[in-house]
Amino acid sequence: MTGGQQVVEVDATTTGEILRELVRRYPQLQAPIDAGVSIAINGRIIASGLSEPVPEGAEVYLMQRLRGG
Amino acid sequence: MALDDRKSGFTFVGTRPDRPDGLDKVTGRAKFGADMSAPGMLHGAILRSPHAHARIVRIDTSKAEAHKYVKAVVTRADFAEVPFKPGLEGEFWNVLENVMAGEKALYDGHAVAAIAATSALAARDAVKLIEVEYEVLPHVTDVDKAMAPDAPVIREGAADYSVPEGVHPNVVRYHESGHGDVEAGFAEADLVIEDSFVTEATHQGYIEPHACLGQLGADGKGELWCTTQGHWIAQKTCAALLGIETSQLRVTASEIGGGFGGKTTVFIEPVALALSRKANRPVKIVMSRSEVFRATGPTASASMDVKIGMKKDGTITAAEGIFRLQGGAFPGAPGDMTAMCAFAPYNLTNVRQVGYDVMANRPKQAAYRAPGAPMGAFAVESVIDELCKKLDLDPIDVRLKNAAHEGTKASYGPTYEQIGLVESLEAAKAHQHYSAPLKPGQGRGISCGFWFNHGGETSVSLALSEDGSAQVMVGTPDIGGSRASMALMAAEVLGIPYENIRVTIADTATLGYNDVSHGSRVTYASGLATIKAAKHAVEKLCERAAAKWGIPVDAVKWENGCAVPSGPNAGDFDPLPLAEITANMGSTGGPISGHFEATPEGAGVSFGIHIVDAEVDPETGKTSVSRYTVIQDAGKAIHPAYVEGQYQGGAAQGIGWALNEEYIYGDDGRLQNSIFLDYRIPVASDLPMIDTVIVEVPNPGHPYGVRGVGETGIVPPLAAIANAVSHAAGVRMRQLPMSPPRILAALKQDG
Chain B
234 MTGGQQVVEV DATTTGEILR ELVRRYPQLQ APIDAGVSIA INGRIIASGL SEPVPEGAEV
294 YLMQRLRGG
Chain P
43 MALDDRKSGF TFVGTRPDRP DGLDKVTGRA KFGADMSAPG MLHGAILRSP HAHARIVRID
103 TSKAEAHKYV KAVVTRADFA EVPFKPGLEG EFWNVLENVM AGEKALYDGH AVAAIAATSA
163 LAARDAVKLI EVEYEVLPHV TDVDKAMAPD APVIREGAAD YSVPEGVHPN VVRYHESGHG
223 DVEAGFAEAD LVIEDSFVTE ATHQGYIEPH ACLGQLGADG KGELWCTTQG HWIAQKTCAA
283 LLGIETSQLR VTASEIGGGF GGKTTVFIEP VALALSRKAN RPVKIVMSRS EVFRATGPTA
343 SASMDVKIGM KKDGTITAAE GIFRLQGGAF PGAPGDMTAM CAFAPYNLTN VRQVGYDVMA
403 NRPKQAAYRA PGAPMGAFAV ESVIDELCKK LDLDPIDVRL KNAAHEGTKA SYGPTYEQIG
463 LVESLEAAKA HQHYSAPLKP GQGRGISCGF WFNHGGETSV SLALSEDGSA QVMVGTPDIG
523 GSRASMALMA AEVLGIPYEN IRVTIADTAT LGYNDVSHGS RVTYASGLAT IKAAKHAVEK
583 LCERAAAKWG IPVDAVKWEN GCAVPSGPNA GDFDPLPLAE ITANMGSTGG PISGHFEATP
643 EGAGVSFGIH IVDAEVDPET GKTSVSRYTV IQDAGKAIHP AYVEGQYQGG AAQGIGWALN
703 EEYIYGDDGR LQNSIFLDYR IPVASDLPMI DTVIVEVPNP GHPYGVRGVG ETGIVPPLAA
763 IANAVSHAAG VRMRQLPMSP PRILAALKQD G
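From first to last, the protein sequence lines stand for chains B and P.
Here the first sequence is numbered in the numbering used here, starting from 234 and rising by one per residue.
Here the second sequence is numbered in the numbering used here, starting from 43 and rising by one per residue.
Note that these hints are calculated values from the structure, not bench results.
Treat the hints loosely; a few may be bogus.
[Claimed, not checked] No farther apart than 25 Å at their CA atoms in a straight line, the calculated lysine to any residue pairs in the SDA-like style are these:
| no. | chain 1 | residue 1 | chain 2 | residue 2 |
| --- | --- | --- | --- | --- |
| 1 | P | K354 | P | T288 |
| 2 | P | K451 | B | G269 |
| 3 | P | K263 | P | T288 |
| 4 | P | K49 | P | E428 |
| 5 | P | K451 | B | L295 |
| 6 | P | K451 | B | N275 |
| 7 | P | K451 | B | A291 |
| 8 | P | K278 | B | G282 |
| 9 | P | K354 | P | S238 |
| 10 | P | K431 | P | L789 |
| 11 | P | K451 | B | V240 |
| 12 | P | K451 | B | P260 |
| 13 | P | K451 | B | T246 |
| 14 | P | K451 | P | D439 |
| 15 | P | K451 | B | R257 |
| 16 | P | K278 | B | V256 |
| 17 | P | K590 | P | R544 |
| 18 | P | K451 | B | A245 |
| 19 | P | K187 | P | E173 |
| 20 | P | K443 | P | E428 |
| 21 | P | K451 | B | E242 |
| 22 | P | K582 | P | F52 |
| 23 | P | K577 | B | G282 |
| 24 | P | K451 | B | R298 |
| 25 | P | K278 | B | A291 |
| 26 | P | K278 | B | V270 |
| 27 | P | K471 | P | Q484 |
In this text, all values refer to a predicted model and were calculated from it rather than measured experimentally.
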């Protein structure tokens, strides 16, 4: 979906900007993002919030959205 | 969410007061799902498919409608296609399809029609008058068979973007993650074990069946009373399924007799409302136990392959798992969660995990405590145990050697923040249980377990009364003693006694949106919101004191339930207690309340270790659990007795899952054991005293350090018990439940 790249770089300061920028750069990511993703920022898992700040140089990791019981 | 006000010394938090709802619960005063009635109320009954997979050719309701006690009959035609919304899609459509079958009945027990009559007995009789013509179709209930090339297709086009080409259409979601090079890692190992494991579906087994009372008028305004883990999701879903505006449906959560994830969605609630809309009278529906088993949401069944390589010193060099989960005739089996959780306790250089979400002709699975995680832990921790046995290594030492810690790259990707696995393992090793001698015939097993935990949308309001007491309104149904925890956290901030605080579960019309009581989120998220709401009220209390004293508000601080002057220029005033400020608040600025609404995003993952001693009767195959200890990181235990209760409950349910509980389907695709006599959950005499150790490694995402504790406790038991039984029986158990016939078969096969 990202041309085989596991790590990509985008400019963003919030979780929502990350997703928007990823879709702009890699439109194939729209489907998995629409299906629901969680974002880990320096290990802290953001389940769904789009306004969480992303510090400069932070480790960002996309995960399938978490569910609980 | 930045937390710059972390607290570590406590007055109320960490104490063990009586629960505020205790007297209601033990005297029968508490109102559960079936306890509500209304004038003119009708009783609903649901006609269910006797077939595992069948096309619905025709439904004739005329005889039922002509019955003198019947006031309404509904079928799928009585639900949305929605007037003001352009049709349902996604999970709403799946829920509607599950609540009332459309073109096909997809499992034994699938609802196909419903009636409302003047009595429960008349409803049960009259529902038999509905005639349904079925065209029976081939069915499949086993996860591996559902993936096979010749399996009947349950629904074309249900798969999402993630499923690779060439996979059977019953596979509807695919997950793959990991890092490193597993093949290179296996090449480095001194011993590689690859094995396969199977678990059956189990039910949450809550004692209270689903029950509701619904009223919906032709004006689109309605009321719903129901037993649920989340009344806002019930409101949103029912409104969507019935084509009404969300805010026009007021939903009140009853007391709840257990949920464990199974009451996070709706089953009968939209049906009661649809019947009510047609009959123009309130309609009550109460499920029988058989309906609960056949037609609510059990957990997924699983088929799993796990391969792990280890060096002689216990270092894991590589780990790989394939996890196939069957979640009924709808997307949603948590194959992705199983995959992400399975190896999460370990610091691995090379790891790969694959998860499949597979449909079969069974009821739509629902969440059950840490959905997906217990099965994966069973497979992974069994293989680790076998590696320890073959390499003659101590199982806790091996887990300590490989344990994830702060800074470890998790198997599912990100780098861990502060976590408590090493501390929990050290506590397990130091526990006297671990070094206690075993009697002949006994085996000891241990297992780690991991769960993510969750935050979720949360709203809390706190209002102070003139006499200085406080009422807290939360929107998360109390499924584990959370009213006590909320009161303790509010007391901690306000500085007033625990007993002076009443916590109410507000209905959907009186508080902002709240996510479901799931994901072990309530003490974390509603707790965080309660703390913030109480601080909001304290800000106003300080403002009133500042105004009274004629000093700036930043010269006032809150200490031990009183406003006190603070700083060199604040002046000399006696402390002003909360009750003195609230006594005349109406004339000093008006009522004082505090509010907080947010989606807290710092739930913090959690780990647990279970130690189990078990013995197996070689003649009958019956397993007895003789000793059980749970060690788990709670971050900070707000009410330690309820944390211990969560640990013990997880272990008890895990014992049932490991030893006896399973959905048994016949060749005809029908559920064979839909009552508690045949589906055996543990009773008190099946259980030993379950000891607990609360480890506290604070969660950096909560002001008091709380981590959720409700789910992690069911992750280790399956593996820990399987390891104990395997040692006791002398044969590796690869299939759950380890019921007496299965153990006897394994002993026989082993010779």
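Quiz item: Holds or violated: are the alpha carbons of K577(P) and G282(B) at most 25 Å from each other?
Solution: Measuring from Cα to Cα gives roughly 23 Å; hence the hint holds.
Exercise. Would you mind confirming whether the straight-line C-alpha gap from K451(P) to L295(B) stays at or under 25 Å?
Key: Distance ~14 Å between K451(P) and L295(B) Cα, so the pair holds.
Practice problem: Take a quick look at whether K354(P) and T288(P) sit within 25 Å of each other, Cα to Cα. | Solution: Distance of about 61 Å is beyond 25 Å: violated.
Exercise. Verify the proposed pairing of K451(P) with G269(B), using a straight-line Cα cut of 25 Å.
Key: With Cα atoms ~22 Å apart, K451(P) and G269(B) stay inside 25 Å; holds.
Exercise. Would you mind confirming whether the straight-line C-alpha gap from K443(P) to E428(P) stays at or under 25 Å?
Key: holds (16 Å)
Quiz item: Are the Cα positions of K451(P) and P260(B) separated by 25 Å at most?
Solution: Given that 25 Å is the threshold and the Cα spacing comes to 28 Å, the pair is violated.
Quiz prompt | Given hint Q484(P) paired with K471(P) - CA-CA distance at most 25 Å | solution = holds (19 Å)
Quiz item: Within a Cα-Cα threshold of 25 Å, do K451(P) and D439(P) meet the stated pairing?
Solution: holds (21 Å)
Quiz item: Regarding the pair K278(P) and G282(B), is the alpha-carbon distance no greater than 25 Å?
Solution: holds (20 Å)
Quiz item: When you check the alpha-carbon spacing of K278(P) and V256(B), does it fall within 25 Å?
Solution: violated (29 Å)
Quiz item: K187(P) and E173(P): Cα distance at most 25 Å?
Solution: violated (32 Å)
Quiz item: Taking 25 Å as the top limit, are the C-alpha atoms of K278(P) and V270(B) close enough?
Solution: holds (21 Å)
In this structure, the earlier hints numbered 1, 4, 12, 15, 16, 17, 19 and 25 are contradicted, and the remaining ones agree with it.
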